[in-house]
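Asks: Taken in order, these protein sequences are the chains called A and B. If you read the first sequence in this note's numbering, its first letter stands for residue 1, the second for the next number, and so on. If you read the second sequence in this note's numbering, its first letter stands for residue 1, the second for the next number, and so on.
There could be a bad hint or two in this list.
[Said to hold, decoys possible] If the Cβ cut is set under 10 Å, some of the chain A residues that face chain B in the computed set are:
id	residue
1	Lys2
2	Tyr25
3	Gln30
4	Leu31
5	Arg48
6	Lys51
7	Ser55
8	Ala58
9	Val96
10	Asp105
11	Ala106
[To be verified] No farther apart than 27 Å at their CA atoms in a straight line, the calculated lysine-lysine pairs in the DSS-like style are these:
id	chain 1	residue 1	chain 2	residue 2
12	B	Lys88	A	Lys101
13	A	Lys51	A	Lys3
14	B	Lys96	B	Lys221
15	A	Lys51	B	Lys189
16	A	Lys51	B	Lys190
17	B	Lys221	B	Lys190
18	A	Lys13	A	Lys101
19	B	Lys88	A	Lys2
20	B	Lys88	A	Lys3
21	B	Lys132	B	Lys190
22	B	Lys134	B	Lys190
23	B	Lys189	B	Lys221
24	A	Lys2	A	Lys51
25	A	Lys51	B	Lys221
26	B	Lys134	B	Lys189
27	B	Lys96	A	Lys101
28	B	Lys132	B	Lys189
In case anyone wonders, no lab produced these hints; they're calculated from the structure. Glycine included, each C-beta is placed from N, C-alpha and C at the ideal position.
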Amino acid sequence: MKKVEIRVRQTEKMAILEVSGELDYSNVEQLQQEIQRRPEEVVEINLRELKFIDSSGAGMLLNQARHLYRQGRSLRIVCIPDHIREDLELIGFFRVLEILKADPDA
Amino acid sequence: MVEVITGNERILRAYCLEVSGSCLPAEQVGGDFFEFIPCDARTMFAVIGDVMGKGFHAARLMETIRQMLRDCITNNPHPLEAVRLLNKVAGYELRKCGAFATLCLLCYDGITGRLTCVNAGHHPPLLLSDGKVKVARCRGVALGLLEDYLGSGVEEFFLAAGDAVVLYTDGLVEACGPGEQRYGLERLKKIVCLQNGANADRMKRNILSDLQAFTSGFPQKDDVTLAVMKVAGRAGEKSGD
Numbered sequence: 001m002k003k004v005e006i007r008v009r010q011t012e013k014m015a016i017l018e019v020s021g022e023l024d025y026s027n028v029e030q031l032q033q034e035i036q037r038r039p040e041e042v043v044e045i046n047l048r049e050l051k052f053i054d055s056s057g058a059g060m061l062l063n064q065a066r067h068l069y070r071q072g073r074s075l076r077i078v079c080i081p082d083h084i085r086e087d088l089e090l091i092g093f094f095r096v097l098e099i100l101k102a103d104p105d106a
Numbered sequence: 001m002v003e004v005i006t007g008n009e010r011i012l013r014a015y016c017l018e019v020s021g022s023c024l025p026a027e028q029v030g031g032d033f034f035e036f037i038p039c040d041a042r043t044m045f046a047v048i049g050d051v052m053g054k055g056f057h058a059a060r061l062m063e064t065i066r067q068m069l070r071d072c073i074t075n076n077p078h079p080l081e082a083v084r085l086l087n088k089v090a091g092y093e094l095r096k097c098g099a100f101a102t103l104c105l106l107c108y109d110g111i112t113g114r115l116t117c118v119n120a121g122h123h124p125p126l127l128l129s130d131g132k133v134k135v136a137r138c139r140g141v142a143l144g145l146l147e148d149y150l151g152s153g154v155e156e157f158f159l160a161a162g163d164a165v166v167l168y169t170d171g172l173v174e175a176c177g178p179g180e181q182r183y184g185l186e187r188l189k190k191i192v193c194l195q196n197g198a199n200a201d202r203m204k205r206n207i208l209s210d211l212q213a214f215t216s217g218f219p220q221k222d223d224v225t226l227a228v229m230k231v232a233g234r235a236g237e238k239s240g241d
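Can you make the complete structure from the sequences, with help from the hints?
Replies: Here is the structure:
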C-alpha cells in the first residue's frame with residue numbers, strides 16, 4: 001500500500017485536510033472516510049504536499065464533491081501541484097466540479 | 001511484458017494500415033485497453049482507454065465498456081455520436097461503481113486518409129508526419145463523470161502514406177525515472193520524432209525501449225499501454241489479401 005498522510009485542521013465552519021504522499025486505489029478510502037467524517041459546511045482538501053494521484057483518487061474526490069453539493073455543502077480543492085493539476089485537467093476534473101456545483105445531479 | 005496485438009492482420013492490410021500495440025501491467029491487472037475495430041470496407045476504428053481502478057473490478061468494467069463501444073459503433077458509426085451514446089450507456093454502469101473511464105476514439109477512412117478523433121478525458125494522440133510530431137488538440141470530459149458527454153467535438157486530420165498515429169495511456173507519460181522525474185510528453189514526442197521511416201511494430205518497440213531505459217530500476221505506479229498505427233498506402237491501391 002502506498003503511503004498517504006492526512007493532517008486535519010478545523011475552524012468553525014471549515015475542515016482543512018492536508019494530504020501528503022501518494023493517493024491511489026490502495027489508500028483512497030482513508031481520505032474518503034476522513035471527508036465523510038467531517039460535519040463542517042466546507043471541507044477543504046489541500047494537496048500542496050501530494051506527490052501523486054491516480055484515477056481512483058480523482059474519482060473519489062469528484063464523488064465526494066457531488067455528495068457534499070447535494071447536501072448544500074462544498075468541497076474545495078486547493079494548492080494543487082502543477083503536474084497533478086495537468087492530470088486532473090485532462091479528464092475534465094475542473095469542468096465537472098464547476099458543473100456539479102451548479103447542479104449536483106448533472 | 002504482456003504484449004497484446006489485436007486486430008486481424010488480413011483486415012488491417014485491407015485498410016493499408018500497419019498496427020501494433022502492447023499493454024504492460026504495473027502491479028496488478030488494471031483497466032487499460034486498446035482495440036482496432038473494423039467497421040466497413042473502408043472504415044476502421046481505433047480506440048484506447050483506461051478505466052479507473054485496479055484488479056478484477058476494473059478489468060470487468062473495461063470489458064463491459066469495450067463491448068458497449070462495439071455496439072455503439074454498430075448503432076451509429078459517427079465517432080462523436082458513438083462516444084455520446086457510450087457515455088450514456090457505459091456512464092450508467094460506471095456511475096453505479098463511482099468510477100469513470102477515459103477514452104480516445106479514432107475513425108480512419110482508408111480511401112480518403114481522413115482520421116477523425118474524439119476524446120473523453122484521455123491523452124490526445126500524437127501524429128507523426130514527415131518527421132514532425134503534432135499533438136491532437138481534441139479534449140473532453142471522461143466517460144461517466146457527467147450525464148451528457150462534454151467535449152471539444154471532432155478533430156480531423158488527413159493522413160498520407162508513411163504517416164503514423166501514436167496512442168498511449170497516462171502510465172507512459174507519468175512513468176517515473178531518476179529523481180522522481182516523469183517520462184513526460186516532451187520525451188515521448190522526441191522519441192516519436194526519431195521514428196520516421198520505421199514500421200508500426202518497430203516504432204512501438206523503440207518507444208518502449210526508451211521508456212525502459214528511463215525507468216530502469218524504478219518501480220512503476222501504473223500500467224503502460226501503447227498502440228501505433230501507420231499508413232502504408234491508400235486502401236484499394238494494394239491487393240489486401
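Asks: Could you run down the list of hints and mark each one as holding or not?
Replies: Status of each hint after checking the structure:
{"no.": "1", "hint": "Lys2", "result": "holds (8 Å)"}
{"no.": "2", "hint": "Tyr25", "result": "holds (5 Å)"}
{"no.": "3", "hint": "Gln30", "result": "violated (16 Å)"}
{"no.": "4", "hint": "Leu31", "result": "violated (14 Å)"}
{"no.": "5", "hint": "Arg48", "result": "violated (16 Å)"}
{"no.": "6", "hint": "Lys51", "result": "holds (7 Å)"}
{"no.": "7", "hint": "Ser55", "result": "holds (4 Å)"}
{"no.": "8", "hint": "Ala58", "result": "holds (8 Å)"}
{"no.": "9", "hint": "Val96", "result": "holds (5 Å)"}
{"no.": "10", "hint": "Asp105", "result": "holds (8 Å)"}
{"no.": "11", "hint": "Ala106", "result": "holds (5 Å)"}
{"no.": "12", "hint": "Lys88(B) <-> Lys101(A)", "result": "holds (21 Å)"}
{"no.": "13", "hint": "Lys51(A) <-> Lys3(A)", "result": "holds (11 Å)"}
{"no.": "14", "hint": "Lys96(B) <-> Lys221(B)", "result": "holds (26 Å)"}
{"no.": "15", "hint": "Lys51(A) <-> Lys189(B)", "result": "holds (24 Å)"}
{"no.": "16", "hint": "Lys51(A) <-> Lys190(B)", "result": "holds (26 Å)"}
{"no.": "17", "hint": "Lys221(B) <-> Lys190(B)", "result": "holds (23 Å)"}
{"no.": "18", "hint": "Lys13(A) <-> Lys101(A)", "result": "holds (18 Å)"}
{"no.": "19", "hint": "Lys88(B) <-> Lys2(A)", "result": "violated (34 Å)"}
{"no.": "20", "hint": "Lys88(B) <-> Lys3(A)", "result": "violated (36 Å)"}
{"no.": "21", "hint": "Lys132(B) <-> Lys190(B)", "result": "holds (10 Å)"}
{"no.": "22", "hint": "Lys134(B) <-> Lys190(B)", "result": "holds (11 Å)"}
{"no.": "23", "hint": "Lys189(B) <-> Lys221(B)", "result": "holds (22 Å)"}
{"no.": "24", "hint": "Lys2(A) <-> Lys51(A)", "result": "holds (11 Å)"}
{"no.": "25", "hint": "Lys51(A) <-> Lys221(B)", "result": "holds (12 Å)"}
{"no.": "26", "hint": "Lys134(B) <-> Lys189(B)", "result": "holds (8 Å)"}
{"no.": "27", "hint": "Lys96(B) <-> Lys101(A)", "result": "holds (20 Å)"}
{"no.": "28", "hint": "Lys132(B) <-> Lys189(B)", "result": "holds (9 Å)"}
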